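Number of protein chains: 2
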Amino acid sequence: MNRSGQRDKREESPEEFSHDTLFSGELSCRQHREGYRFSLDAVLAAHFLPPRKQARIIDLGSGSGIIALIMAYRWRNLGVHITGFERQQSLISLAKGNIELNGYDEICTIKEGDVRHILQHLPPESFEQLVSNPPFFPLGSGRPSQNREAYQARHQVAGGIEDFLYAASKVLANKGHAVFIYPANGLTDFLLAARKNRLEPKRIQYIYDYPEGESEARLFLIHCQKNGGAGLKTERPFYVYEKKNGAYHESMQRLYEPSSQEASF
Amino acid sequence: MNRSGQRDKREESPEEFSHDTLFSGELSCRQHREGYRFSLDAVLAAHFLPPRKQARIIDLGSGSGIIALIMAYRWRNLGVHITGFERQQSLISLAKGNIELNGYDEICTIKEGDVRHILQHLPPESFEQLVSNPPFFPLGSGRPSQNREAYQARHQVAGGIEDFLYAASKVLANKGHAVFIYPANGLTDFLLAARKNRLEPKRIQYIYDYPEGESEARLFLIHCQKNGGAGLKTERPFYVYEKKNGAYHESMQRLYEPSSQEASF
Numbered sequence: 140m141n142r143s144g145q146r147d148k149r150e151e152s153p154e155e156f157s158h159d160t161l162f163s164g165e166l167s168c169r170q171h172r173e174g175y176r177f178s179l180d181a182v183l184a185a186h187f188l189p190p191r192k193q194a195r196i197i198d199l200g201s202g203s204g205i206i207a208l209i210m211a212y213r214w215r216n217l218g219v220h221i222t223g224f225e226r227q228q229s230l231i232s233l234a235k236g237n238i239e240l241n242g243y244d245e246i247c248t249i250k251e252g253d254v255r256h257i258l259q260h261l262p263p264e265s266f267e268q269l270v271s272n273p274p275f276f277p278l279g280s281g282r283p284s285q286n287r288e289a290y291q292a293r294h295q296v297a298g299g300i301e302d303f304l305y306a307a308s309k310v311l312a313n314k315g316h317a318v319f320i321y322p323a324n325g326l327t328d329f330l331l332a333a334r335k336n337r338l339e340p341k342r343i344q345y346i347y348d349y350p351e352g353e354s355e356a357r358l359f360l361i362h363c364q365k366n367g368g369a370g371l372k373t374e375r376p377f378y379v380y381e382k383k384n385g386a387y388h389e390s391m392q393r394l395y396e397p398s399s400q401e402a403s404f
Numbered sequence: 140m141n142r143s144g145q146r147d148k149r150e151e152s153p154e155e156f157s158h159d160t161l162f163s164g165e166l167s168c169r170q171h172r173e174g175y176r177f178s179l180d181a182v183l184a185a186h187f188l189p190p191r192k193q194a195r196i197i198d199l200g201s202g203s204g205i206i207a208l209i210m211a212y213r214w215r216n217l218g219v220h221i222t223g224f225e226r227q228q229s230l231i232s233l234a235k236g237n238i239e240l241n242g243y244d245e246i247c248t249i250k251e252g253d254v255r256h257i258l259q260h261l262p263p264e265s266f267e268q269l270v271s272n273p274p275f276f277p278l279g280s281g282r283p284s285q286n287r288e289a290y291q292a293r294h295q296v297a298g299g300i301e302d303f304l305y306a307a308s309k310v311l312a313n314k315g316h317a318v319f320i321y322p323a324n325g326l327t328d329f330l331l332a333a334r335k336n337r338l339e340p341k342r343i344q345y346i347y348d349y350p351e352g353e354s355e356a357r358l359f360l361i362h363c364q365k366n367g368g369a370g371l372k373t374e375r376p377f378y379v380y381e382k383k384n385g386a387y388h389e390s391m392q393r394l395y396e397p398s399s400q401e402a403s404f
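Protein sequences appear in the order of chains A and B.
Under my numbering, the residues of the first sequence are numbered 140 to 404, in order.
Under my numbering, the residues of the second sequence are numbered 140 to 404, in order.
Hints listed in this document are in silico derivations from the structure and should not be mistaken for laboratory results.
What you are looking at is a predicted structure, and each value in this text was computed from that prediction instead of being measured.
It is possible that some hints are incorrect.
Because identical chains cannot be distinguished in the list, a pair is counted as satisfied if it fits within a single copy or across any two copies.
Here are the simulated lysine-lysine pairs, BS3-like style, with alpha carbons at most 25 Å apart [claimed, not checked]:
| no. | residue 1 | residue 2 |
| --- | --- | --- |
| 1 | K372 | K341 |
| 2 | K382 | K192 |
| 3 | K383 | K372 |
| 4 | K314 | K382 |
| 5 | K335 | K314 |
| 6 | K372 | K335 |
| 7 | K341 | K192 |
| 8 | K235 | K383 |
| 9 | K383 | K314 |
The whole structure should be built from the sequences, with the hints applied where relevant.
Right, here's the structure in full:
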């Protein structure tokens with residue numbers, strides 16, 4: 140997608156894929172035209188917690204690799220390494236291709252596996268940071284007849300939020316940091332599962348479409364710390380658009396700026 | 140307090156008490172000068188959920204009776220009845236005096252008791268609506284040497300949020316509605332205890348001091364329903380002041396308008 144969130148028609152690749160770009164064309168991401176396609180949720184999650192130097196980062200349910208790609212692009216000078224963890228073969232191939240396409244082979248790795256059995260694939264407590272845009276929808280909700288890849292990426296076919304938080308707790312080192320983006324109406328379920336898995340919520344931000352009007356928050360971004368102390372900071376709201384049917388809000392637009400602006404993060 | 144939140148110096152009663160007014164003088168509330176004194180938390184909680192006609196309402200930890208008084212003033216034409224439940228004798232006397240002072244003897248009753256043993260004082264499932272501004276601070280925090288009445292009203296001397304939610308669940312009828320105001324940094328504890336006591340969070344609103352700047356939310360207002368279905372609505376943020384050191388925000392000011400404006404609620 141270009142900065143206004145539209146697919147860039149000039150850069151299309153063969154029929155099955157679209158070739159989308161971010162950061163004024165500095166990052167490329169191929170996606171299946173009819174499959175799972177990333178949205179701004181991924182962009183928000185990738186930016187919520189800048190990593191420490193040399194951090195080993197895992198992206199749970201990495202899909203086409205978009206979060207890993209954005210983090211690699213944004214913080215490639217910090218010596219971070221990002222592991223994408225994904226169950227669907229079609230998305231794993233795509234993510235591997237995207238990593239190669241951007242030249243991030245040394246920064247990003249994709250691992251195949253199911254979050255419900257994560258320790259069969261990865262060593263325990265082996266990451267300092269985690270990010271995830273987990274499947275949002277309960278089975279049976281939404282349009283089950285839509286594309287199979289997209290359905291599985293968005294629905295809790297292979298694990299709900301409890302499974303994702305359990306897996307996060309297993310692979311995160313003590314005091315490690317986890318970022319999730321999740322629907323605001325699922326807050327209670329999320330916080331219960333987080334506390335149960337010793338991922339203590341430390342910072343939360345609610346995402347609204349725009350500042351005016353009566354509509355409710357759609358999503359929240361949350362930063363949890365494994366075995367962290369209690370005490371949650373509720374940030375100012377985040378607005379995606381300036382107004383109804385308007386352009387991106389300045390806060391959102393900033394997340395699409397190329398890395399010359401990196402100092403602002 | 141008058142509308143700007145200042146004590147009205149013209150209406151002082153004998154030394155031990157202050158005589159504060161709301162709604163352009165239409166409601167009076169005597170408070171101990173040196174004891175527990177209500178704040179805008181009570182005003183917010185009293186307005187968050189307009190009651191149904193004839194509703195039996197309970198205010199858990201009613202203090203000087205301020206929430207009961209505001210609800211009586213605001214919705215006296217709906218045939219509601221409000222029971223204040225309070226443990227401290229000095230506050231019970233004060234609340235009873237305030238009820239008499241405003242002529243609300245038929246609308247408000249004060250019951251003495253400890254929330255931890257609420258069913259020794261009140262029949263189970265006997266209210267359709269509940270409101271509470273419970274003690275916020277863990278024992279030992281804050282200034283323990285301050286006035287004893289204020290300390291007990293604000294600190295969890297006789298029950299923390301778990302005890303208040305347990306008591307709420309016991310006295311609320313099935314599908315009954317509860318409103319709480321609580322510090323934003325205690326959100327996780329609150330939601331866990333709410334779910335445990337089958338008080339399902341339905342609507343939440345975060346309270347910020349003012350719209351600009353970087354500071355976090357101070358409080359949240361929440362509406363829970365006993366045995367309600369999952370699914371939480373996160374409202375737009377609520378701002379108390381227009382700006383730093385500014386006047387009340389229009390949303391806050393509206394809560395102090397006399398009842399001629401009642402239709403707006």
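So, going through the hints one by one against the coordinates:
1. Within a single copy, K372 and K341 get their C-alpha atoms as close as 6 Å, and across copies as close as 21 Å, so both meet the 25 Å cut-off.
2. In this assembly of identical chains, the alpha carbons of K382 and K192 never lie at most 25 Å apart, being 37 Å within a copy and 38 Å across copies at closest.
3. In this homomeric assembly, K383 and K372 come within 25 Å of each other (Cα to Cα) only across copies, at 20 Å, whereas the closest approach inside a single copy is 28 Å.
4. For the identical chains of this complex, K314 and K382 are neighbours neither inside a copy (39 Å) nor across copies (37 Å), given an alpha-carbon limit of 25 Å.
5. Only within a single protomer do K335 and K314 lie at most 25 Å apart by alpha-carbon distance; the minimum there is 15 Å, versus 27 Å between protomers.
6. In the homo-oligomer, the alpha carbons of K372 and K335 lie at most 25 Å apart both inside one protomer (19 Å) and across protomers (23 Å), since each shortest distance falls under that limit.
7. In this assembly of identical chains, the alpha carbons of K341 and K192 lie at most 25 Å apart only when taken from the same copy (21 Å versus 41 Å across copies).
8. For the homomeric pair K235 and K383, neither the shortest alpha-carbon distance inside one copy (37 Å) nor that between copies (50 Å) is at most 25 Å.
9. In this assembly of identical chains, the alpha carbons of K383 and K314 never lie at most 25 Å apart, being 40 Å within a copy and 36 Å across copies at closest.
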